[in-house]
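**Student:** What follows is the residue order along each chain.
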Amino acid sequence: MLTGIRERKMLHPGDTMTAEERLRAAICLQMPDRVPSAPLIYYFAAEYAGMSNHDLYDPAKYNAAMRRVFEELGGFDAYNWLNVYYPQLIAFSMPMRVLEPGYDLPPDSIRQFLEEEVMEIGDYDWILKICRRFPLLAYPRLFSRWIPRIWEEVGEGWRFYAYLVPRLQTTLLRWRWEFSRWRKRGATVLSACLLEAPFDNFSMARGLMRFARDMRSIPEKIERAADALVESYAFSIKWLCLYTGVKRICLAVHRSSNDFISPADFRKLSFPSLKRLVELLAAEGIASVLHLDGNWDRNLEILRELPAGHVVAEFDGTTDIFKAKEVIGDRICIYGDVPANLLALGSPAEVDEYCHRLIEEVGRGGGFILGTGCELAPNAKPENVRAMLESVTRYGYYRGGSGRAA
Amino acid sequence: MGEELGKLIAELDEESTLRAVREELDKGTDPLEVLADLQKGMALVGERFEAGEYFLPDLIMSGEIFKGAVALIEPLLSGREAKSKGTIVMGTVKGDVHDIGKNIVITMLRCNGYEVHDLGVDQPPRAFVEKARETGAPLVGLSGLLTIAFDSMKETVQAFADAGLRDRVKIIIGGGPVNQTVVEYTGADAWGRDPGEALRLAERFA
Chain A
1 MLTGIRERKM LHPGDTMTAE ERLRAAICLQ MPDRVPSAPL IYYFAAEYAG
51 MSNHDLYDPA KYNAAMRRVF EELGGFDAYN WLNVYYPQLI AFSMPMRVLE
101 PGYDLPPDSI RQFLEEEVME IGDYDWILKI CRRFPLLAYP RLFSRWIPRI
151 WEEVGEGWRF YAYLVPRLQT TLLRWRWEFS RWRKRGATVL SACLLEAPFD
201 NFSMARGLMR FARDMRSIPE KIERAADALV ESYAFSIKWL CLYTGVKRIC
251 LAVHRSSNDF ISPADFRKLS FPSLKRLVEL LAAEGIASVL HLDGNWDRNL
301 EILRELPAGH VVAEFDGTTD IFKAKEVIGD RICIYGDVPA NLLALGSPAE
351 VDEYCHRLIE EVGRGGGFIL GTGCELAPNA KPENVRAMLE SVTRYGYYRG
401 GSGRAA
Chain B
407 MGEELGKLIA ELDEESTLRA VREELDKGTD PLEVLADLQK GMALVGERFE
457 AGEYFLPDLI MSGEIFKGAV ALIEPLLSGR EAKSKGTIVM GTVKGDVHDI
507 GKNIVITMLR CNGYEVHDLG VDQPPRAFVE KARETGAPLV GLSGLLTIAF
557 DSMKETVQAF ADAGLRDRVK IIIGGGPVNQ TVVEYTGADA WGRDPGEALR
607 LAERFA
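In order, the protein sequence lines correspond to chains A and B.
Read in order, the letters of the first sequence correspond to residues 1 to 406 in my numbering.
Read in order, the letters of the second sequence correspond to residues 407 to 612 in my numbering.
Wrong hints could be hidden among the right ones.
[Said to hold, decoys possible] To give an idea of the chain A side of the interface with chain B (calculated C-beta under 7 Å), a few residues: (1) Met215; (2) Ile261; (3) Ala340; (4) Leu345; (5) Ala377; (6) Asn379.
Bear in mind the hints are in silico, worked out from the structure with no lab data behind them.
Don't be surprised by glycine CBs; every beta carbon is placed ideally from N, CA and C.
Work out the full structure: start from the sequences and follow the hints.
**Tutor:** This is how it looks when you write it as structure tokens:
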């Protein structure tokens, strides 16, 4: 059962809060008992457990691998996850053609995305039309248009639903079961699911080259179509949160960084729909974990306009996270950012030193979650992962911290 | 006129650039001269990108406009070739199929007068060595978005050493997680964060 009284299981001997309490305190910009950790782990688990990456499609093998990482490398507070058992479902988050280990690539490769035209130029108008007719159901309608273009076997119309609904249902039930296992282990779950913000969906589904042209030729249409989708995205997310019992959602905003678009375009084309979505979710008590890959240095001021205490900004080592703490730390919980190359090529002492600095500077006063930014590098050294995960108990306890305001 | 043509492409004004190119060619201006003017404009685009005024979509658009202009010029060159600023071999290393970053860098290099041989994605070390030997390119660029590409980059650098080419070929690397630590790990010569830095490295090495 997801509800009801549960034992207040502590993860480490020095803890005075559960992982869920700790995570919530950090997101609300309060000072928890210590800094929570939430590494994003997927392919590393296969590497660590001596499996092929393709094996992660098997729920039993995936869960065994993740459990080993958790139990053998120091544990973490929040389970941040990427597992889907049917590759077709990835398109709901990232509408792109994808090459999968064991299907299109050797079993030990990792998933790779191709920039193809999944969204056609006429789809902007189609979205506006469909949003007027089905304001809350536009999200599934849109993906029932896009996914058959990526996966021929899915089919269109009723075939789309006949193919995907049972797979989606099975996956959601598995996730619920997996989440309950993580809670029993003393961890909590970071997010109900990983989805993409509407503007970023367009960028991925159009492909970078075509989208660059769209941004010059039809910017108002991009903005209007993204805005029109907000209600249906919020509705779908609300449903997912209810079903999984997790009132947080990861939203990938990885095509809106300074690496992809200018701050002016971010402000005009991407941010309005993102802000409205985050606000609608905040009104329902759902926190948004924004997955902010790339460089966000010049967008930080804009992010200040998001509702305080309801947003997490996840950086991947490219943004200056120390500057981010100064600029947005009083309004947004900061999450990150042990870099992939440090975990893959550095030494445990270097990882420990960097995590210490993050905890001391970005963690000051609360409002911080230690993480890997983007996904933990599959070839990260296990001793480096241990150094990262242990740093929160080594340096992360707050004096007098128990959920009080920072 | 030259300066104006450069300005038009630097302002990313597609219609006016192509119109001006057509007018110049109709007037009988040497196509190579028109090409050189366009390249000056592209250099300006690179400068604006470096200065943080232009962003990726602007680079992409400038590349698209340049391609459109070259399509008008090419039939009139009748076999003559613009003087290349240098030869470069580029590709995404083995195990990685990402190519957007590489393609944008290649477009910018070509627009700036370099002859670039694009090997494509998922290329084994041998392919880089063979192409560098065949073309005599003094510079090789390795691209990769995944951390597992680090080992492929390292193997590729080693393959150049094994082939006895390492002292005459400079190797630069780029892609999402690449930084100076990765340069040291792979044994490459330098790395670039973006197409602007790739251009500077090309000027230095090619």
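**Student:** Next step is simple, just say for each hint if it's right about the structure.
**Tutor:** Against the structure, the hints:
1. Met215: Status holds, d = 5 Å.
2. Ile261: This hint holds: Ile261 (chain A) lies near chain B, its Cβ roughly 6 Å from the closest one there, short of 7 Å.
3. Ala340: 5 Å, holds
4. Leu345: Where the cut-off is 7 Å and the nearest Cβ of chain B is about 5 Å from Leu345 (chain A), the hint holds.
5. Ala377: For Ala377 (chain A), the interface hint holds, since the closest Cβ of chain B sits about 4 Å away, which is under 7 Å.
6. Asn379: Check passed: Cβ of Asn379 (chain A) comes within 6 Å of chain B, closer than 7 Å.
Comparing the model with each numbered hint stated earlier shows that all of them hold.
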